Structures are given as structure tokens and as C-alpha cells.
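Quick note, the sequences are listed as chains A and B, same order.
For reference, each letter of the first sequence is one residue, going 23 to 318 in our numbering.
For reference, each letter of the second sequence is one residue, going 9 to 324 in our numbering.
It is worth saying that the hints were derived from the structure and are not from the lab.
No experiment lies behind these values; they were computed from the predicted model shown.
It cannot be assumed that every hint is accurate.
Here are the simulated EDC-like pairs of lysine to aspartate or glutamate, each with C-alpha atoms no more than 20 Å apart in a straight line [to be verified]:
{"id": "1", "chain 1": "B", "residue 1": "K212", "chain 2": "A", "residue 2": "E148"}
{"id": "2", "chain 1": "A", "residue 1": "K178", "chain 2": "B", "residue 2": "E109"}
{"id": "3", "chain 1": "B", "residue 1": "K95", "chain 2": "A", "residue 2": "E148"}
{"id": "4", "chain 1": "A", "residue 1": "K79", "chain 2": "B", "residue 2": "D152"}
{"id": "5", "chain 1": "B", "residue 1": "K212", "chain 2": "A", "residue 2": "E294"}
{"id": "6", "chain 1": "B", "residue 1": "K95", "chain 2": "A", "residue 2": "E87"}
{"id": "7", "chain 1": "B", "residue 1": "K131", "chain 2": "B", "residue 2": "D83"}
{"id": "8", "chain 1": "A", "residue 1": "K240", "chain 2": "B", "residue 2": "E76"}
With beta-carbon atoms standing in for the labels, derived distance ranges [claimed, not checked]:
{"id": "9", "chain 1": "B", "residue 1": "K212", "chain 2": "A", "residue 2": "V102", "range": "40 to 46 Å"}
{"id": "10", "chain 1": "B", "residue 1": "N294", "chain 2": "A", "residue 2": "T269", "range": "45 to 51 Å"}
{"id": "11", "chain 1": "A", "residue 1": "E236", "chain 2": "B", "residue 2": "P130", "range": "25 to 31 Å"}
Listing some non-contacts, in silico: residues in chain A with all C-beta distances to chain B over 12 Å [stated by the list, open to error]:
{"id": "12", "residue": "K142"}
{"id": "13", "residue": "A173"}
{"id": "14", "residue": "V246"}
Glycine residues also receive a C-beta, built at the ideal position from the N, C-alpha and C atoms.
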Amino acid sequence: MSAAIQECVIISGKGGTGKTSVTASFAVLAAGRAVLADCDVDAADLHLVLTPKMITKADFKSGNEAVIRSEACTGCGTCVELCRFEAIRCVRRPDGKTRCEVDPIACEGCGVCVRFCPGKAVDFPERLCGEWMFSETRCGPMVHARLSTAAENSGKLVATVRQEARRVAEERGLPLIITDGPPGIGCPVIASVSGADRVLVVTEPTVSGEHDLERVLKLARHFVIPAFVCINKWDINPEMTERIEQTARKMGATVAGRIRYDRAVTSAQRAEQAVVEIDAPSAEDVRAVWRQMGFE
Amino acid sequence: MGTGRNRMIIAVASGKGGTGKTTVAANLARVRGDVTLLDCDVEEPNVHLFISGEPQGEPEVVSLLVPEVDESRCDGCAACSNFCAFKALAVLDKRVLVFAEMCHGCGGCARVCPQGAIREVPKRVGVVETMGAGGVTVVQGRLDVGVAMAPPLVRAVKAHIPKTGDAILDAPPGTSCPVVATLRETDFVVLVTEPTPFGLNDLKLAVEVVRELGLPFGVVVNRADSSDDRVTTYCREASIPILAEIPDDRRVAEAYSRGELMVDALPEYRPLFEQLYTDIVRLLQNPLIAGVARASCPCFMGGTPMPRGALQGPHC
Ligand code: SF4
Ligand code: SF4
């Protein structure tokens, strides 16, 4: 069963190219057949269109953080010297005693201070890094998440979301998983595309779009995933669109279509609707991309 | 720092990429002229696409200290791999394997090894390049492909902030570690957003970060039109100053697509950025705000920093 599940991840290289809007439209076009996964855990937006009703929620814990028990701290300063992340500061209290404290934002959780504090004054509790949710939407079940501010390891949270989405797809016998991927080319993106069946790169005809596309396509090639490219707002710069499409083909990707510049995209967002749900000129373009990817 | 500051460090950030963060940073630098523009988006540095210049000197190679095991001394006790919080070390058949790309460079393994078999050696993570573009000095970090460790490179870029003279930092998008590494110890943060539901959602996340860091900040609304006032309403209710609104102008998008700076392609936008700079300076000279940014603030020592925004009063 699980081998038959197809997972399509929508990514963008740089953010803000319309990736989530396209994902939302795909979710609508696949309604009833797909599980939706929002892996853009750093700045999740898909829920703003799909308005999920939450069914369950779980904490996402990852790594540890140092906490100095002030009553046990002698203020010797060993930890300050050892911490390579400048996460510990010592302050002189009004009573004349020096005490050290950890800045939880700067602490990377390496544990050096915990191990080498002569007074064993440093605790090392698990760190709460976010939460993930299972919800129902008008298009089907959805798994999404939220990374805490300044937390690390979004890759691990992305992996959790994907794993859950796959579990739900298996449980309900749904053949598709549609995933809104994270922006960039870093660790969270790798975590979101490895082992997927298809990636769609949504890009714009801009110098930065062109610049980032190559890096993203290299990544797809590295993981041997069939890659599709679509150019959003293509008519802003038709020559650049041509160029990007050529680059995409040269790198072995399939050009899945062009989406026109359309202000209705924002009105759709305001109405909590996907573009294909309203009478938007670009809706036809998005449907064409969907067909090109072989989902019909 | 107080009012006698002789330099100002402004960071431009946003909850998500593609909102126009680089546009704001680069145009601000251009109208200001004599300034250092630092691209801290080391995963995808884009500033050079808009302001290019002559390279100044050789790129500086940035590295991180990672362990190297002397096999003649190692007896396979696994003290190091048990210690490593990031699973960068594993012991198999009494031999230590080092996964350098996972290593944060904390130095703990070298310290715990009872045999003294671990030595720390530099491993390259990326480069920092400096370019001169008219009055603007552009410094950018570029992470090597396949390297996930952005914060050390961000710190290396920030080491180029001049002792005197202003600096503008283009932060990475989002709210995770590299963003925090960029924003720390800056004087003022400009958050760029769009007047859309996505934009508002991402702005709120970014506001959480700057509040947690206790930095004064304001908002620039990009692609502004009159049809959605949710961002403006939110800012008003949360007492966040809106510093500028860049209209939704298709010519701006077109200039951007060609890699042209807005103030060069459409000079009528110059006053907007000049005003933005002046407003930031004015805000920073406000004594209620001026003292907030610095690490000397005792509130930051309590473990849970107090939330505070640009327009809140003296809090300590
Ligand atoms: S756990 Fe590591 S990073 Fe955190 S405070 Fe201790 S030494 Fe610093
Ligand atoms: S230096 Fe720290 S992070 Fe790197 S391998 Fe050693 S213990 Fe692990």
C-alpha cells in the first residue's frame, strides 16, 4: 500500500514566490484524494487558506538547554569560559555575589557547561521546540506544525510532519501527499524532499529567482527526484522567463507551465480561498500546471 | 549606548523571504551612501545581484573547529560520542567516525576524551567576500553547498561591522537561529512585510523574535495598496511604528526582476528611502528607545526576556 502513495513537494528556492498559493490550489484540485502536509514550519501559511479544524496536537521536543540553578552556582565563571556560543553571562548581584545565567536564545545545547561545571550547578532539561497538529480541512486531512521562535532543528520537525502525513495516508488509503516545502536550500528543504516522488519548484522571473533555481535543482538532482518548474508572474519579465525555462530544461527538469501576474491571488488569500476556488484569471494556469505534473 | 552613538547598526528582516527585505536593505544603503551593507542571508546571498562592485581583497575563508581523532591514542571508549549532543561522533568497532557536517564546534569531545586523542582542526564552512560599490561597502557571506551551519558564518560577516560609520544588515528570512544570530546586538530592526494575510501572519512571527531579543523595531509595508488594512491595524494596536509604505507598483517588480535598484530605476522613490533613514535615526535618538537595544539591559539576564516593542517606555 505505502509504495503506491505519491508525494509531491512544492518548494521555491527563495521564499515569497507564490509556493503556498500554488500548494493550496493543488490541495483543492486533489480534494478527497490527498493528505496535506505543511513543512514550511518556520513560517507556516497554508492554514490561512485551508482553515483547518484541529483534531490533535503534540509537543515537538528536540535537544536540551542549559539552565543554571542559581542557588548552586558559586559564580566561578568556568562555564563562561567554556561556552563557545557566548550564551552565559555572569552578573554581580546587589548582595555582592556573582551568579551566572544562560541566555536560552544563544544556548545551542552542547552540554559543555553541564559536564564541566565544578559545582554541578547546570541542569539540562529537554527543549520544547514547537508543536505539530493533525487537522481536518475542506480538502482532506492536514498535518502542520509550528517551530518555536529561534529554535533549531526544523529539519527534524519537517521529518515528523512528513512521517505523520504518510501514516495518515496509509491509514485512510489516500494515494497522494501534497507538501508545502520550506524556502531555501538548507537542511529543512533537504528533510522535506528526500524520498519524495516529485518536486515542483515555483519561481519568479527575477535575477534572484534565476540565481536560486539552479541551487534548488541541483538539490533535486542530488536526491534523484523528478523536478518540475513553474514560473509565477511570468509576464513581469518574459525574457527572463525564457531564460529560466532554458536553464530548467538544461538541468533536466520539466517545465510545467507559466502562471500570469494576477492581483486576484491576493484577493483569494483574503477570502481564505485557493486561486482555483475563485474566478481568477490565473486559476486556469495553475490547473494546467497540475495537469502537466500528471495528477489528473 | 545612549545618544552619543557614533554608529548605527540597522538590520532588515522579515518573517519570510520574498517580501522585499533585500530591496529595502539595498535601497537604504544606496541613498545613505557611506555605509557598510552586510548580507547575512548566507544560504542565498542576493544583495550582490542588486549592488555589485569591485572585489576588495581575497575572500576570507571561514571555518569551524571540528574534532580529529588520533587513532594511535584512541582506545574506542566512546566518551566523545556519548558526550556529543549533535550526533557528530559515532564509535563503530572501537573506531571513531566523525560527521563533521553535524558538528557545532563546541569543543566538548576534545575535553572529555580521557586519552587526549582528539584535536580540533578547522573545517571550511564558507567565505566572506567584500566589495566596494561607490560609497557602499558590500560584505557578504556565502555558505558552502551542503553545509548547514549558518550561525558561525553569520558571526564572521558581522565581524566586518565597522567600528565607526553605519551598517545595514540584510537578515536571512524566517525566525530561526541564523536570524537570531544576525539580529543580536543590532540597534534597530526594520521588519518588511506585505499587506496580505500571509504577510501579516509572518510579520507576527518576526515581531515575536525581535520582542524576545528586546530590540527596537518598526515595520515597512511593501507592495502596499489600499484594499487591506489588516497589517496597519495590527501595527496600530500593537504600538508598532509603520516607517514606510512602498506602493504596489508593477514597475518596481519589473525593475527588481532585472536586478535594478528601485532608487536607480525609479528615482521618484529616492525620497521615500531617505525619509526612512531619517526616521530610523530619529526613533533611535528618542531616549525612551535609545537605551533598549544593548546587552547591558538587566532584563535580558533573567532567562525570560521581557517583551517590549519600539514604542514602549523605559522598562528597567
Ligand atoms: S549547553 Fe553549551 S551552548 Fe548552552 S550554555 Fe552550556 S556551554 Fe553554552
Ligand atoms: S566539537 Fe562538540 S559538536 Fe563537535 S563533535 Fe565534538 S562534541 Fe560534537
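The hints, checked one at a time:
| no. | hint | result |
| --- | --- | --- |
| 1 | B/K212 to A/E148 | violated (26 Å) |
| 2 | A/K178 to B/E109 | holds (16 Å) |
| 3 | B/K95 to A/E148 | holds (16 Å) |
| 4 | A/K79 to B/D152 | violated (37 Å) |
| 5 | B/K212 to A/E294 | holds (18 Å) |
| 6 | B/K95 to A/E87 | holds (16 Å) |
| 7 | B/K131 to B/D83 | violated (24 Å) |
| 8 | A/K240 to B/E76 | violated (30 Å) |
| 9 | B/K212 to A/V102: 40 to 46 Å | violated (35 Å) |
| 10 | B/N294 to A/T269: 45 to 51 Å | holds (49 Å) |
| 11 | A/E236 to B/P130: 25 to 31 Å | holds (29 Å) |
| 12 | K142 | holds (15 Å) |
| 13 | A173 | violated (7 Å) |
| 14 | V246 | holds (16 Å) |
Hint compliance for this structure: hints 1, 4, 7, 8, 9, 13 are broken, all remaining hints hold.
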